[in-house]
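Colleague: This is what each chain is made of:
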Amino acid sequence: MTPIQPLSDAAFVLALGLFMLAPLAIAGVALINTGLGRSRSAAQSLLGSLAILAVSAIVFSLIGATFAGGPGAASHTILLSGKPWGWFGAGPWLLGGLNAAPSHAQLVLLFEFLAVALAALLPWGSGADRCRLLAGCAAAAILSSLVFPLTAHWIWGGGWLAQLGVNFQLGAGFLDGGGAATVNVLGGVSALALVWIAGPRRGKFPKEGLSTALPGHNAVYVLFGCLLALVGWLAWNVAGAVLFLHAPLSALPVTAVNTLLSAAGAVAATFAVTHVRFGKPDASLCANGWMAGLVTSSACAGLVTPLAAIFTGLVAGIVTPLLVELFELALSIDDPSGAIAVHGAGGLWGLLAAGIFAPQPGQLVAQLVGIATLLGVVLPLVYLLFWLLNRMLPFRVDPDGERIGMDLQELGGGAYPEFVIHRDESYR
Amino acid sequence: MKYAGLLVMPAGFFLSIAAVLLFPAPAPRAAFVICGLAVEVMGLAVAVRGHMEEIREKRP
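As they're listed, the protein sequences go chains A and B. Just so you know, our numbering puts 357 at position 357 of the first sequence, and the rest follows in order with no gaps. Just so you know, our numbering puts 48 at position 48 of the second sequence, and the rest follows in order with no gaps.
Be aware that a few hints might be false.
[Unchecked claim] Where chain B lies over chain A, by a calculated footprint (3+ residues, C-beta under 8 angstroms):
hint: 1; region: 205 to 212
hint: 2; region: 363 to 369
[Said to hold, decoys possible] One side only, chain A facing chain B, incomplete, derived with CB under 7 angstroms:
hint: 3; residue: Ser250
hint: 4; residue: Leu331
hint: 5; residue: Tyr383
Hints in this document: simulated from the structure, not taken from any laboratory. Given the structure is predicted, the values throughout are model-derived calculations rather than measurements. C-beta: ideal position from N, C-alpha, C; glycine also.
Using the sequences plus the hints, can you model the full thing?
Modeller: What follows is the structure, encoded as structure tokens:
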């Protein structure tokens, strides 16, 4: 059992206040997902975001919170090499005793409620325009009940990854103050699993030639979503630094500055890359770059200097548009929201950068072990669970439903009833 | 092919864990953790390759 670091009253009030702003990150991602999808699926996309938020909150409170545990809570451990390895949380069922829990544990639980909703939302964006609402909710239930709680326990709940520092002198253990691993990489690898299982949108990869461009329907949603996400991410990273990195109050402004600098460096780099490649900056790729900068900051905003934050953002901003292009053109991965590149790869880069720039010896190896866990355990586990789910409740809508759009198919009405939807050449 | 790649990935994870458990010295520990990651990347590459072949076969 890990000892709890008690929070001062000021830190408690600050973190609680920040959590009132953190849902803006979820709102931003939901808007981005909707804007990057097609107009004929916009209402289904946004309603799906609400439904996934609801399902993940309920399932996490009923099942997941028990397995996630928390710092100082009981956990199922095994002894390996004479050291305790915490694998599962053993918290009370149905949030029992929450009122009497220490303030730190209550805030961690609140953080996890928001984190699980955001993690579950990421694959929904990647499955846009062809994934059914019910299957999306079922996928969210799987992530909330099993995969997220496991990951959160290992990293935030005093599990074996968090204890790598104490048990094996690997820095301060695996560090993830803002949820780069538990939220973004988990969401990114879930998006990859879903896209692999559901397959691409019809007409995306024709028999001959390159892939068909299916651009997002509303760049304003996408870019406004980025601005909303900034507010949410600032709150998220600062609250995470208080709860998981035990940062003093005086260190929090730097965490916020690093978050902003990382996003700024990333969007500047993406702007330049797309300008050089296409002659003009690309709005949706710049949005992807901005989000990748924020995702990168989730891992390292509380650990690095402002200069390092700009550098990590620049790298994320250069690599993200290239990865989006690589995934689509070379690897036949149809990911409308870009979650795999933005949240998956961006999160992995952030975790690695935290190891490179963190001052403690051994921190880089701890971060590498964490990355190995995310790729070697979480991705295959999510793929297996989604594959089983797809056998019982197929992700993909039938071809006719995809042709008329998810709004008409699943909701019976479109998001923009006064718009005339033009004929889609790709379905001929 | 995709499943083969996904099965290789946990092997890389176990290699990383074994490195943490078996090597107290920092250099060999770091080297074997990196080897574990390399195995995972190879597994991922095989899985991606399998996905590409699937898509190519299913193209209309």
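Colleague: Now tell me if each hint is right for this structure.
Modeller: We went through each hint and held it up to the structure:
1. Judged by the Cβ-Cβ criterion of 8 angstroms, the region 205 to 212 of chain A is covered by chain B as claimed, because 3 of its residues qualify and three suffice.
2. For the region 363 to 369 of chain A, the proposed coverage by chain B is satisfied: 4 residues have a C-beta within less than 8 angstroms of a C-beta in that chain, meeting the threshold of three.
3. A cut of 7 angstroms between beta carbons decides the hint on Ser250/A: the least distance to chain B is about 32 angstroms, and the hint is violated.
4. A cut of 7 angstroms between beta carbons decides the hint on Leu331/A: the least distance to chain B is about 5 angstroms, and the hint holds.
5. Given hint, Tyr383/A at the interface with chain B, holds; its Cβ is 6 angstroms from that chain's nearest Cβ, closer than 7 angstroms.
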